[in-house]
Amino acid sequence: MKSISIKTHSQFCMINITSQIQNIVYESGIADGIVRVFVPHTTAAVTINEGADPAVVKDIIKELDKIVLLRDNYLHMEGNSAAHIKSTLVGASEMVMIENGSLVLGTWQAIFFCEFDGPRQRKIFIKVIEG
Amino acid sequence: MKSISIKTHSQFCMINITSQIQNIVYESGIADGIVRVFVPHTTAAVTINEGADPAVVKDIIKELDKIVLLRDNYLHMEGNSAAHIKSTLVGASEMVMIENGSLVLGTWQAIFFCEFDGPRQRKIFIKVIEG
Amino acid sequence: MKSISIKTHSQFCMINITSQIQNIVYESGIADGIVRVFVPHTTAAVTINEGADPAVVKDIIKELDKIVLLRDNYLHMEGNSAAHIKSTLVGASEMVMIENGSLVLGTWQAIFFCEFDGPRQRKIFIKVIEG
Numbered sequence: 456m457k458s459i460s461i462k463t464h465s466q467f468c469m470i471n472i473t474s475q476i477q478n479i480v481y482e483s484g485i486a487d488g489i490v491r492v493f494v495p496h497t498t499a500a501v502t503i504n505e506g507a508d509p510a511v512v513k514d515i516i517k518e519l520d521k522i523v524l525l526r527d528n529y530l531h532m533e534g535n536s537a538a539h540i541k542s543t544l545v546g547a548s549e550m551v552m553i554e555n556g557s558l559v560l561g562t563w564q565a566i567f568f569c570e571f572d573g574p575r576q577r578k579i580f581i582k583v584i585e586g
Numbered sequence: 456m457k458s459i460s461i462k463t464h465s466q467f468c469m470i471n472i473t474s475q476i477q478n479i480v481y482e483s484g485i486a487d488g489i490v491r492v493f494v495p496h497t498t499a500a501v502t503i504n505e506g507a508d509p510a511v512v513k514d515i516i517k518e519l520d521k522i523v524l525l526r527d528n529y530l531h532m533e534g535n536s537a538a539h540i541k542s543t544l545v546g547a548s549e550m551v552m553i554e555n556g557s558l559v560l561g562t563w564q565a566i567f568f569c570e571f572d573g574p575r576q577r578k579i580f581i582k583v584i585e586g
Numbered sequence: 456m457k458s459i460s461i462k463t464h465s466q467f468c469m470i471n472i473t474s475q476i477q478n479i480v481y482e483s484g485i486a487d488g489i490v491r492v493f494v495p496h497t498t499a500a501v502t503i504n505e506g507a508d509p510a511v512v513k514d515i516i517k518e519l520d521k522i523v524l525l526r527d528n529y530l531h532m533e534g535n536s537a538a539h540i541k542s543t544l545v546g547a548s549e550m551v552m553i554e555n556g557s558l559v560l561g562t563w564q565a566i567f568f569c570e571f572d573g574p575r576q577r578k579i580f581i582k583v584i585e586g
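Residue numbers (the working numbering), protein chains in the order written: chain X, 456 to 586; chain P, 456 to 586; chain B, 456 to 586.
Extracted from the complex, chain X is given alone in its bound form:
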């Protein structure tokens, strides 16, 4: 298992981690298999979406913030319940197939770490599995 450390700089952001994950796959020496990405936080998530136009992630962040209200008489006293709910909706893990040592992603796909309660120091766990 490998780990990536990330420092987020705003309350909500999505950070493209595709090249870091591709590097870990290269270093593993595994040509065919699956890479698993796991976020060990309850107010963050990981998703796959468009990496070409940065407007897409801005739209995702803004609309998620409309869907899950930031303040809504939540019981959790830390004030970050919206971030917990987004974390459950987007999810803590992703998997991508590997062929010939490369991530099998569509033309527009990139892997994003999603920060919903930053800025914070965050970690991402990665495991490359042969097969």
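Be aware that a few hints might be false.
Same chains, same label: a pair holds when it works inside one copy or across any pair of copies.
Claimed, not checked - BS3-like, lysine-lysine: derived pairs with alpha carbons at most 30 Å apart:
{"#": "1", "residue 1": "K578", "residue 2": "K513"}
{"#": "2", "residue 1": "K457", "residue 2": "K513"}
{"#": "3", "residue 1": "K517", "residue 2": "K578"}
{"#": "4", "residue 1": "K462", "residue 2": "K521"}
Since the hints were made in silico from the structure, they are not lab data.
Following the hints, position chains P and B against chain X.
Positioned in the frame of chain X, the structure of chains P and B alone reads:
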């Protein structure tokens, strides 16, 4: 890794791909393991839900369209930001366990390709892993 | 493949199943690998979120119930379309990495079975994979 090609015929639809995935599992000859389904698109997704009553997928499609507004002053100029957001909410991959060569699904479960920005030609990647 | 049986006692609830999954990992004797959790129901789900403050799951349940309307002229006659939609948004499966026989979870993370149409008798399938 195997691939399925799908032609979608409307803007929003959910297509039951369970039997196609079951066939790929049969052809793999793998009796026990896991099958992984991955959608290499950023305006589509894959989910598991009820395959018996076609009203269920109609309700899912209609309600998702209420939750994620189709037009909302999005920055992404292609006009399909809602599809990108639904893709992140529903997710690009699923996994199903395999026992005795068969998908281990609940009585009502089926695997659906979700089109959020059709009609389009789409692909689905499938990997069967022993274990 | 192992199975857990759960009896839910209300319409909406989230039940912490972390220790049951950790026990299945111990019993498997597998020190390094991945555990896969799968819910074979279309009106339930599995998620990873905060296990420390019980207010967090209450907030998640309440806000999901706002995001997906319980009654909305749904076509599905059983009256549980909202539960089906939540199931697709939260997802039917999770995976957690294993190191030295233990689940690799963040400080605040726990694995929850999500009931969206209870009370019911439910099952959860678990598969521990070495690697």
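_Hint check, failures only_ = none
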